[in-house]
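Novice: Each chain, written out:
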Amino acid sequence: MTEPLALRSASEDLAAPLPPLLAEAEHLATTVLLGDHGRKRAGTGDTFWQYRPAQPYDEARSIDWRRSARSDANFVQDKEWQIAQSIILWVDQAASMTFASKNNPTKAERARTLALAAAILLIRGGERVGLTGLRLPPRRGEAQLLKMAQLLTQDDDVDYGTPDAQGMLPHSRALYVSDFLGDIQPVEDALLRAADRGVRGALLQVLDPQEEAFPFDGRTVFESMTGAIEHETLKAGDLKERYLERLAQRKDRLSYLARMTGWQFYTHHTEQNATAALLWLYGALERRK
Amino acid sequence: MEHWNDANERLFSFWLKVPVRMESDALMWVLGNIGFTAPWLLLGLIALPILWLLLRAVPPAPIRRRFPGVALLLGLADNESQTDRTPWWLLLLRLLAVAAVIIGFAGPVLNPQHARDGRGNLVILVDASWAGAGQWRDKMDRIDTLLSEASASDRRTAVISLTDLPDDDVPFASPNEWQNRLPNVQPQPWLPDQAAVEWFTGLDEDFETYWISDGLDWDGRENLLATLETKGNVTVFQTPRPIIGLRPAKFEDGEVLVSAVRTPVGTEIAPTITAVGTDPTGAVRQLATVPITFPAGEAVAETAMVLPPELRNRITRFETSGARSAGAVSLTDDSLKRREVALVAGSDEREALDLLSPLYYLREALDPTADLIEGTLEDILLANPDVLILADVATLTEDETAGIQEWVEKGGMLLRFAGPRLAASDLGRSSEDPLLPVRLRSGGRTIGGAMSWGEPKALAPFDQESPFFGLPVPNDVTVTSQVMAQPDPTLSERVIAELADGTPLVTRKITGEGQVVLVHVTANAQWSSLPLSGLFVQMLERLAVSTRPGTPEKEALEGTTWLPNKVLDAFGDLQDGTALPGVDGENLLDPVLGPDLQPGLYAGEDQQIAVNVIGPETMLNVAAWPARIAVEGLAITRETAMKGWLISAAIALLLVDVLASLAVGGRLRGPRADVAAALVLLLLAAPHAEAQDSGDEFAIRATSEVVLAHVLTGDQNTDDIAEAGLRGLSQTLFRRTAIEPADPIGVNIETDELAFFPFLYWPITPNQQLPSREAYTKLNRYLRTGGMIMFDTRDANTAGFGSGSPEGRKLQAIARSLDIPALEPVPSDHILTRTFYLLQDFPGRYNSRDVWVEAAPADAEQIPGMPFRNLNDGVTPVIIGGNDWTRAWAVDEYGNRMFPVGRGTAGEQQREYALRFGINVIMHVLTGNYKSDQVHVPDLLDRLGQ
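Quick mapping for you: the protein sequence lines, in order, are chains A and B. Going by this note's numbering, the first residue of the first sequence is number 1, and it counts up by one from there. Going by this note's numbering, the first residue of the second sequence is number 1001, and it counts up by one from there.
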């Protein structure tokens, strides 16, 4: 199993070349906690936004005397409204993710690296990052990364993971990383629930090249990684076409769901460079609407 | 051509292989020519169908694969259900493997040998005629095997050659003794005859007969068979094999007609006929080749060769390539030769009729039998004709006279006819003209004309000394005019024909090697009626102006004795025949060949007659045997145990099965496909692993350092030894001399460039291929441009220079088309004896003195006081010997000597001399005749103690 520290350092490496990832804060009003995102309107924040004439409800101590001294009226300095976005990650840790073909990393490894790399970028950008469920609520700071790395290295022993829509703050952002090969229904439910709460995000499908190519022939018993599911065929080669069809359907479905809910969908293969996927993540989480 | 022969032979022996008799052999069960040592195991084959069903029921085991995508597969059904059974071809493969194992363990033996158990005396008869010469070695091997068998059952045995019958009784001896004497049995260039029947009829012993037949029918063969059958069992060994006989060539209408006859008559074949003769340097070589096509079903074939007269006159014999026998060789005698006759007449001053032309009758008489040349004297002398005829030519320039004289002295024949101009000239009046045999009196004489007295004179009968002796003198030949010879002391011996009154008609003088003949009348009918008669033609023939067509008449041969000059042996090679007694001329006319009249060239007084094995009408017939006689193939069928092969085949099949099973089970594709592919690639690539030397690499390797090279013979063992030998020599050169050669290279004369190598060692093996025409061109260029080839027959010259041993014959065959100069055994002052070491012997593994090199020019002179002749030019292009030098030189990779030489210290000394000889040779090749330089003579003199 991947050591948390090793995972962290690998992710740091991956994240290093990119500028801090700034997630878009879509809705200002509902976000409670302060972040670094200027909202281009007056509000609580650190940076200067504008001077405006003091209103009766302004406290006297808020009057900017230096500005007021240059005229007859009193002015108040408005600050730009700044918020921090919360991003919730879900990384599939089920057994199916432990599959790897020769010379390729396991899908889980790649998924964790990518997720943590994104987390590092986000935290550096001042966002708050957490995991789904109630295991790790969104927080900022390096300590959060350590905890996250810790949690990400834990494996599940079910065959296929199901995303957890719990603990998702409304109008926050989310990142789901999985192979999405298991039952699609829980994913669909989770997505819809998230969409209901106004959560936008990205679906990253990590697949092994063998899963994409199905290079098998002859009499074969296929079994899932835990061995719970079995399928026997006498001529695996015959199944290739139909398998690929189903895989394409699955991707279509995911893509459709993503479009419906305003999410982004991307398929990454483990033999590809991880940076490409991270770039995509950067773009997807940065995208504004 | 050789392909043709081999292929045919193989074909014949395959189809006509006589089935081995089924013998009730308790141990072995025989099927066709395969026997089984454990036949009961074959019952296991019955189990194969059961195995089929079993295997069919069991599908190949599935592979278990972890695959996360399985969730997507759930619910997908297979399209077809047939693959749950093993595919039929895989089944077949496995069954074959099992069958191979079963048959393999049943102990199959190809050509199982049956012990020929017989008792009592055994006679092994050999036809031993020319027809079997090509197969002689096979025959000897067969006899050897038969003798071995006979020796196992301890029978008294005799081997009798039908062409060379023993003098008295059947020479019974133990088979082992006969095995030792076997090399003495040699084929003869004639067929057995009735004498053999008579000889066997005279015997009163009983014996069993093995008859090794040549496959050719001969007179009395059936009688002999009947005789032998009264003595005991007869078994015939005979392999049908095409026999080709070459009939004597004829000259017709400017073409040489060659015909050949064959047996058995079969499909169309086209062997090549080669005309062999000497080239202007005297070397024997192929002059022309022409294919001769036997149409299917025809026994006789004919073809024509068109050759220029110069070439045609040089032909000494025709050969059928690919057939080695006396029958496939046809010697030519004078009948094919046509002399070149040059005709020159005095300038025509008047408009004469053709019939009056001095040359008309000569042309008519000579045209059928000679090639005529006409032109100016200068041109004619350049063409170097055999005969020059000057008809009534009186004036010759000084140059012309000198030219003709020189030509006559070198063997030309000048024939002059008299005429008005000669009579009117002063030629030969006061002194004898060198180009006239006698002095002439002025004017000549006319008799029997209108203005003269006397009758026209008839001819006197020819004198016994005269070359015309024996020609009938017709009465109607008269002479009306003639030039007269001045009476002289030498006149009488120069007259070879005279008139009835004693005046000379034809006179002759020998000059140098040639002769000058004067006919004292004209060549036309002006002075005599001689040119109109048949006598004129005969006289010209006798003077060897024209050649006689064909063999002389019977009358002419009666009472003459002809001496064998060269005789043919059964293999078609010419041997010296001068030790044989002469034969009666009558026998030559219709030759019955035998020990007394061997085929060959017979020389008479002024003519040669070729006696060939095949006459102009000879037909060949296959020896057919009655059904009661057991006929066996000649091929020695060696017992071949096939168990190993079959088991290997089974293992190979099982290996294929492994791959096939993997393929069926999907294991050849998928994750492990790369391994499997590599495996398959490896299997496929293994035979091609041999890397090709690219041309450039070869050139660089050959030229960057001095490299000794040997010719690849195709025989791996010989090539290895040659390489080891040259390696040993290279190492020795490296240690002792300034020559530092790299590792030797094997050269393929067909494909490799030869110009890179200063020296080629060519070991001769009896069965190596003759070089192709292109290779010969390359070799000849190599020899002419200073390369040296060292031929080694490696047979210690046991049979004298190149004659008897198979290697020697092969060497002759190879060298025939090579541009090799005249040779001589290494003279004691040859440069090879002192290029580096002073040597007088040239030993290799054998120590024969017969080592041949290019002959020194005849005019090499020895200066008095000098030990050596003055020979300063050229490197001998060839060294020919049989001392097996490379074996003496050979070292392995570790520098150890590979072959013993002689015994003890003497042997080592011989090896040392062999190495020294090698060093001398390479020094000679690289430094030429540097050591012939006079500078070294004093030192050499000191060391020689002279």
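Don't read these hints as lab results, they were simulated from the structure. Every residue, glycine too, gets a C-beta built ideally from N, C-alpha and C. Please note that a few of the clues may not be correct.
[To be verified] Below, computed lysine to aspartate or glutamate pairings styled on DMTMM-like, alpha-carbon distance capped at 25 Å:
id: 1; chain 1: A; residue 1: K240; chain 2: B; residue 2: D1078
id: 2; chain 1: A; residue 1: K251; chain 2: B; residue 2: E1374
id: 3; chain 1: B; residue 1: K1337; chain 2: B; residue 2: E1298
[Said to hold, decoys possible] Some chain B residues judged to face chain A by a derived CB distance under 7 Å, without partners named:
id: 4; residue: R1066
id: 5; residue: F1067
id: 6; residue: E1149
[As the list claims (entries may be wrong)] Some chain A residues near chain B, calculated using beta-carbon distances under 8 Å:
id: 7; residue: E80
id: 8; residue: F99
id: 9; residue: N103
id: 10; residue: L134
id: 11; residue: Y160
id: 12; residue: T162
id: 13; residue: D179
id: 14; residue: R219
id: 15; residue: M225
id: 16; residue: I229
id: 17; residue: E232
id: 18; residue: L239
id: 19; residue: L247
id: 20; residue: K251
Novice: Each of the hints needs a verdict: does it hold here or not?
Specialist: Comparing the hints with the structure gives:
1. A threshold of 25 Å between alpha carbons decides the hint, and for A:K240 with B:D1078 the separation of about 11 Å falls inside it, so the pair holds.
2. For the suggested pair A:K251 and B:E1374, the alpha carbons sit about 105 Å apart, so the restraint of at most 25 Å is broken.
3. Simply put, B:K1337 and B:E1298 have alpha-carbon atoms about 30 Å apart, too far for the 25 Å limit, and the pair is violated.
4. Taking 7 Å as the C-beta cut-off, the interface hint given for B:R1066 holds, the closest approach to chain A being about 6 Å.
5. Annotation: interface hint on B:F1067 holds; nearest CB of chain A at approximately 5 Å, less than 7 Å.
6. Interface restraint check for B:E1149: the shortest CB-CB distance to chain A comes to about 59 Å, outside 7 Å, so the restraint is violated.
7. Hint status for A:E80: violated, given a least beta-carbon distance of 48 Å to chain B, over 8 Å.
8. The closest approach between the C-beta of A:F99 and any C-beta of chain B is roughly 5 Å, which is under the 8 Å cut-off, so the hint is satisfied.
9. Look at A:N103: its Cβ only gets to about 10 Å from chain B, farther than 8 Å, so that hint breaks.
10. Taking 8 Å as the C-beta cut-off, the interface hint given for A:L134 is violated, the closest approach to chain B being about 28 Å.
11. Interface hint status for A:Y160: upheld, as the beta-carbon distance to the closest one in chain B is roughly 7 Å, under 8 Å.
12. Annotation: A:T162 was flagged as interfacial toward chain B, and the flag is violated, the nearest CB pair being 13 Å apart, outside 8 Å.
13. Because the smallest distance between the Cβ of A:D179 and any Cβ of chain B comes to about 6 Å, under 8 Å, the interface hint for this residue holds.
14. With a least beta-carbon distance of about 4 Å to chain B, the hint placing A:R219 at the interface is held under the 8 Å criterion.
15. Restraint check, A:M225 versus chain B: the minimum CB separation of about 6 Å is within 8 Å; hint holds.
16. Here the hint on A:I229 is kept, as its CB sits about 5 Å from the closest CB of chain B, short of 8 Å.
17. Restraint check, A:E232 versus chain B: the minimum CB separation of about 7 Å is within 8 Å; hint holds.
18. Interface hint at A:L239: satisfied, since its Cβ lies 5 Å from the closest Cβ of chain B, which is below the 8 Å cut-off.
19. The criterion of a C-beta within 8 Å of any C-beta in chain B is met by A:L247, whose closest approach is roughly 6 Å, and the hint holds.
20. About 11 Å separates the beta-carbon of A:K251 from the nearest beta-carbon of chain B, more than 8 Å, and the hint is not met.
Consistency with the previously given hints fails for numbers 2, 3, 6, 7, 9, 10, 12 and 20, ordered from lowest to highest.
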